[in-house]
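Heads up: the sequence lines are chains X and Y, in that order. Last residue of the first sequence? That's 421 in the numbering used here, and every number before it is there in order. Last residue of the second sequence? That's 421 in the numbering used here, and every number before it is there in order.
One copy or two, either will do: identical chains are not told apart, so a pair holds if it fits within one copy or between any two.
Calculated cross-link-like contacts (lysine-lysine; reagent style DSS-like; alpha-carbon spacing at most 27 Å): (1) K207 x K278; (2) K212 x K49; (3) K49 x K82; (4) K82 x K142.
Note that these hints are calculated values from the structure, not bench results.
Number of protein chains: 2
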Amino acid sequence: MSLVVQKFGGTSVGDINRLQAVAERVVSQKNKWDQMVVVVSAMGGETDRLIDMAGVLSQNPQKREMDLLLTSGERISSSLLSIAINSLGFPSISLTGGQAGIMTDGEHLRARVRTIRPDRILKELDSGRIVVAAGFQGVDEFNEETTLGRGGSDLTAVALAAALKADLCEIYTDVDGVYTADPRIVEKAVCLKEISFDEMMEMAVLGAKVLQPRAVDLAAKYKLPLIVRSSFGEGEGTLIKMEDDFLEAPAVSGVNCDKKQSKLTVLNVPDEPGIASKLFGKLAEHSIMIDMIVQNVGEKGLADISITVNRDFAEDAESIIDGLKSEFGKIEIIRNDEIAKVSVVGIGMKSQAGVAARVFSALSGSDINILMISTSEISISVIIDTKYSENAVKLLHKEFIE
Amino acid sequence: MSLVVQKFGGTSVGDINRLQAVAERVVSQKNKWDQMVVVVSAMGGETDRLIDMAGVLSQNPQKREMDLLLTSGERISSSLLSIAINSLGFPSISLTGGQAGIMTDGEHLRARVRTIRPDRILKELDSGRIVVAAGFQGVDEFNEETTLGRGGSDLTAVALAAALKADLCEIYTDVDGVYTADPRIVEKAVCLKEISFDEMMEMAVLGAKVLQPRAVDLAAKYKLPLIVRSSFGEGEGTLIKMEDDFLEAPAVSGVNCDKKQSKLTVLNVPDEPGIASKLFGKLAEHSIMIDMIVQNVGEKGLADISITVNRDFAEDAESIIDGLKSEFGKIEIIRNDEIAKVSVVGIGMKSQAGVAARVFSALSGSDINILMISTSEISISVIIDTKYSENAVKLLHKEFIE
Numbered sequence: 020m021s022l023v024v025q026k027f028g029g030t031s032v033g034d035i036n037r038l039q040a041v042a043e044r045v046v047s048q049k050n051k052w053d054q055m056v057v058v059v060s061a062m063g064g065e066t067d068r069l070i071d072m073a074g075v076l077s078q079n080p081q082k083r084e085m086d087l088l089l090t091s092g093e094r095i096s097s098s099l100l101s102i103a104i105n106s107l108g109f110p111s112i113s114l115t116g117g118q119a120g121i122m123t124d125g126e127h128l129r130a131r132v133r134t135i136r137p138d139r140i141l142k143e144l145d146s147g148r149i150v151v152a153a154g155f156q157g158v159d160e161f162n163e164e165t166t167l168g169r170g171g172s173d174l175t176a177v178a179l180a181a182a183l184k185a186d187l188c189e190i191y192t193d194v195d196g197v198y199t200a201d202p203r204i205v206e207k208a209v210c211l212k213e214i215s216f217d218e219m220m221e222m223a224v225l226g227a228k229v230l231q232p233r234a235v236d237l238a239a240k241y242k243l244p245l246i247v248r249s250s251f252g253e254g255e256g257t258l259i260k261m262e263d264d265f266l267e268a269p270a271v272s273g274v275n276c277d278k279k280q281s282k283l284t285v286l287n288v289p290d291e292p293g294i295a296s297k298l299f300g301k302l303a304e305h306s307i308m309i310d311m312i313v314q315n316v317g318e319k320g321l322a323d324i325s326i327t328v329n330r331d332f333a334e335d336a337e338s339i340i341d342g343l344k345s346e347f348g349k350i351e352i353i354r355n356d357e358i359a360k361v362s363v364v365g366i367g368m369k370s371q372a373g374v375a376a377r378v379f380s381a382l383s384g385s386d387i388n389i390l391m392i393s394t395s396e397i398s399i400s401v402i403i404d405t406k407y408s409e410n411a412v413k414l415l416h417k418e419f420i421e
Numbered sequence: 020m021s022l023v024v025q026k027f028g029g030t031s032v033g034d035i036n037r038l039q040a041v042a043e044r045v046v047s048q049k050n051k052w053d054q055m056v057v058v059v060s061a062m063g064g065e066t067d068r069l070i071d072m073a074g075v076l077s078q079n080p081q082k083r084e085m086d087l088l089l090t091s092g093e094r095i096s097s098s099l100l101s102i103a104i105n106s107l108g109f110p111s112i113s114l115t116g117g118q119a120g121i122m123t124d125g126e127h128l129r130a131r132v133r134t135i136r137p138d139r140i141l142k143e144l145d146s147g148r149i150v151v152a153a154g155f156q157g158v159d160e161f162n163e164e165t166t167l168g169r170g171g172s173d174l175t176a177v178a179l180a181a182a183l184k185a186d187l188c189e190i191y192t193d194v195d196g197v198y199t200a201d202p203r204i205v206e207k208a209v210c211l212k213e214i215s216f217d218e219m220m221e222m223a224v225l226g227a228k229v230l231q232p233r234a235v236d237l238a239a240k241y242k243l244p245l246i247v248r249s250s251f252g253e254g255e256g257t258l259i260k261m262e263d264d265f266l267e268a269p270a271v272s273g274v275n276c277d278k279k280q281s282k283l284t285v286l287n288v289p290d291e292p293g294i295a296s297k298l299f300g301k302l303a304e305h306s307i308m309i310d311m312i313v314q315n316v317g318e319k320g321l322a323d324i325s326i327t328v329n330r331d332f333a334e335d336a337e338s339i340i341d342g343l344k345s346e347f348g349k350i351e352i353i354r355n356d357e358i359a360k361v362s363v364v365g366i367g368m369k370s371q372a373g374v375a376a377r378v379f380s381a382l383s384g385s386d387i388n389i390l391m392i393s394t395s396e397i398s399i400s401v402i403i404d405t406k407y408s409e410n411a412v413k414l415l416h417k418e419f420i421e
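Produce the complete structure using the sequences and hints provided.
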């Protein structure tokens, strides 16, 4: 028995005509698969419409009520898609998150999937139906509705595919697949035929918005083959698979750029044990995710600490650090919103030396000043002025990929 | 502990501003009641929007999928109302039909309430919250979503009020209450201060669209005081209560008119045992509700049978009867869509003779021909040409009420 899980995002079901097109695409593949599960997001704009209405009524709506409100979006799109598939002559049933057995913790608006109870889905598949599951949603142990956060439908698809031991999980989206760089910036960027989970994970975290990082992580854990492809065209898309399956990989598979970054530099921090941990502890308390950290110890036992955060959190982070002034003495805070993070990613880096040196020389050859650096096993990221970011992406793409 | 159940219909929550107004009205009464349950319909137009979308995708959408689709409407309005009430400083929680314990049978699109499991509502009320329950919906024993048919939110309100032993159930709508006749037709029509359940039931069935008949029936069974009032004005509305509580009632409390009727006359039906039952059995098989029946046995053992049905079913009924031609011999069918049913209703009729005679003389005095007649203990209905219907209502209102 072959089983596929396909996920269609909000733009793929943007209106009733596109939803009809998705139904046709699904049934056109029924001859290829014995069993099909389709995960669907809310129709394009619906989630924002619901959030806006709540915003008119309250500055601070209850998270629990927001979840009940937002889950309606996927209930609507999934039942409509099931109606469309049935109408094409293929038996189909739509299931809510709870009915599909998506069991989560009780953290409203950002629940984590605890387990999948696939009994109902299996029963419906065995009776020959195409199952349409509402993405983005689950229920907790008290039967309260929860949502999985932005991009949560990707997670629904991967979690169901893992639980059902699917042969393949296909993510249909509005781009052809994973590109070596943003094609709007780099003319010669190409769609990758395949990429490893580790690379995809780095790229997802580094700002490529094709896939939700938690979904990639989960797929890797279950060694679940994942394809990202366009719901509009007929392209093959990008296959994301285990690293072991690559014979020889290029040093760099992709170049990313994340412009939504801010840099905060704290000057004159006393270089004593416990000080840094207090600083980062306070930021963590307020759920502020820190990306890069660089610390320089200068003269007189005072250190400078630079961090980068997502720009949405920059103001909060600044005022939290500001609140530590009384404790930390004469610290000074410099905030810079005009920065971007440019990264090269590739599993080939593991076995090829000199990638970092090539990154630095490519950038310095064009007088692009590097403000911060961070590296992982398979990626190198640099913080530079925003104004240089597009040029940097072009230079690195040319250096490593073209 | 005093407990009220209030229900707000679709026009009362027609848009986000009206929904805000409903929230303000609810909390303004919190000082009058220890505990409040608010039942809410989908926002005006939302249900039709969902039905229209399904209609684009399928000529004949699955009832089960339609229920999943439609229940979203009340989930949205109830969570938004709860957000608005919370924002006004009053703790509130919204509950779906399933969470509110509305257990139904599995008849999608027209489910019947089997029982109420009020544990969750009671828990929330005891913790001091205003409970907002999604109207119109429930779940069956397999946790499948169901809806209760048009006007189902009235039924939700009454069923919850009965199960919770509420002191009062208030139905907020877009009219001031129950009128002696349609004020758009009869200038002197007045809003009734009170009316008995039996009268309300007759009027609801006879076409006054203020309350769903099943809801009235259920309220009567539990002797639950029911008020119909406007969600816009400040009027007292109409109290519906047990007949025993009326000292002396007028013969006629109201005059109704239902223009959505069709009359089918079947000529030359063999007057033999079993023939009529076969005719009505066939119609019942197709779920066609028959209102009035008149049978005349003529010469040669042939009978004429006239029935009235809701106009929506007239065409179906005609073709079903037409299909019996081979069995019934030379029957002939005459269909008339240009008829209306005008009724007078009043519990006083039980003890006052001559009401029927006054109806006939009032109409015949204006040369209005009566095509069919039917009576119950507390009502008299006549079928007349549509063109006379408004005049007939005026005449009868003048005769009995003014």
